[in-house]
Amino acid sequence: TQLLEQSPQFLSIQEGENLTVYCNSSSVFSSLQWYRQEPGEGPVLLVTVVTGGEVKKLKRLTFQFGDARKDSSLHITAAQPGDTGLYLCAGTRQETSGSRLTFGEGTQLTVNP
Amino acid sequence: KAGVTQTPRYLIKTRGQQVTLSCSPISGHRSVSWYQQTPGQGLQFLFEYFSETQRNKGNFPGRFSGRQFSNSRSEMNVSTLELGDSALYLCASRVRPGGYNEQFFGPGTRLTVL
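Going down the list, the protein sequences come from chains A and B. So in the working numbering the end of the first sequence lands on 113, straight run, no missing numbers. So in the working numbering the end of the second sequence lands on 1114, straight run, no missing numbers.
For the record, the hints were derived by calculation from the structure and aren't laboratory data.
The following residues of chain A were derived to be distant from chain B, with all beta-carbon distances above 12 Å: (1) L11; (2) I13; (3) N18; (4) T20; (5) S26; (6) V55; (7) L61; (8) G66; (9) H75; (10) V111.
Now the stretches of chain A that chain B is said to cover, found in silico as 3 or more residues with beta-carbon under 8 Å: (11) 35-42; (12) 45-54; (13) 101-110.
Okay, derived cross-link-like pairs now, EDC-like style, lysine to aspartate or glutamate, Cα gap no bigger than 20 Å in a straight line: (14) A:K56 x B:E1102; (15) A:K57 x A:D67; (16) A:K56 x A:D71; (17) A:K70 x B:E1102; (18) B:K1057 x B:E1102; (19) A:K57 x B:E1102; (20) A:K70 x A:E105; (21) A:K70 x A:E54; (22) A:K57 x A:E17.
Where is the CB? At the ideal position from N, CA and C, for every residue including glycine.
So that you can see chain A by itself, here it is in the shape it has in the complex:
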């Protein structure tokens, strides 16, 4: 059972369309991050959100952290082919032995020209 559920798993859209990717959990996270991974490469950090209700914008990407810090969303406006990649959400829960990063399964986004 995945601690972080991402949806959809696959998304194929045309250039210029908008899209939203969701990351949900029943657990509370002290922080949540979004990464993008391209084939043959490691994930690249896009953003970190730490406060419930927080909204961050990165050009055409808007990230939101849920009020209860259990869920997050990524919205892309006017998607471009360069946005194609695997989008991963990852959360941190504080544990007595330290903190670990828990990843969702990812959303594979394809933006067609």
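Based on these hints, arrange chain B on the given structure of chain A.
Leaving out everything else, chain B in the frame of chain A:
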């Protein structure tokens, strides 16, 4: 500043063999974490090292081990390889444990077990 580097990038082994993967963190980063990425399970946490000590460990069998050197470089070892160990092994570094846990990943080592 150079990013996280991992060697080798690709590796092919047969069942029963053992393998050692290497990771050099970003300069100044003293914490190194290892992850296994497979199509079915996604990214799974293996372990984290800081100041040459294992700080945290995921739910993997004892065949998976690691260590960290005084220069923060880290190695992970997998003994008695199984077919299911075929995966992309990712290393990530950060300055220290704690905080917002922002980690920077290397390109990974693609391990294929035949």
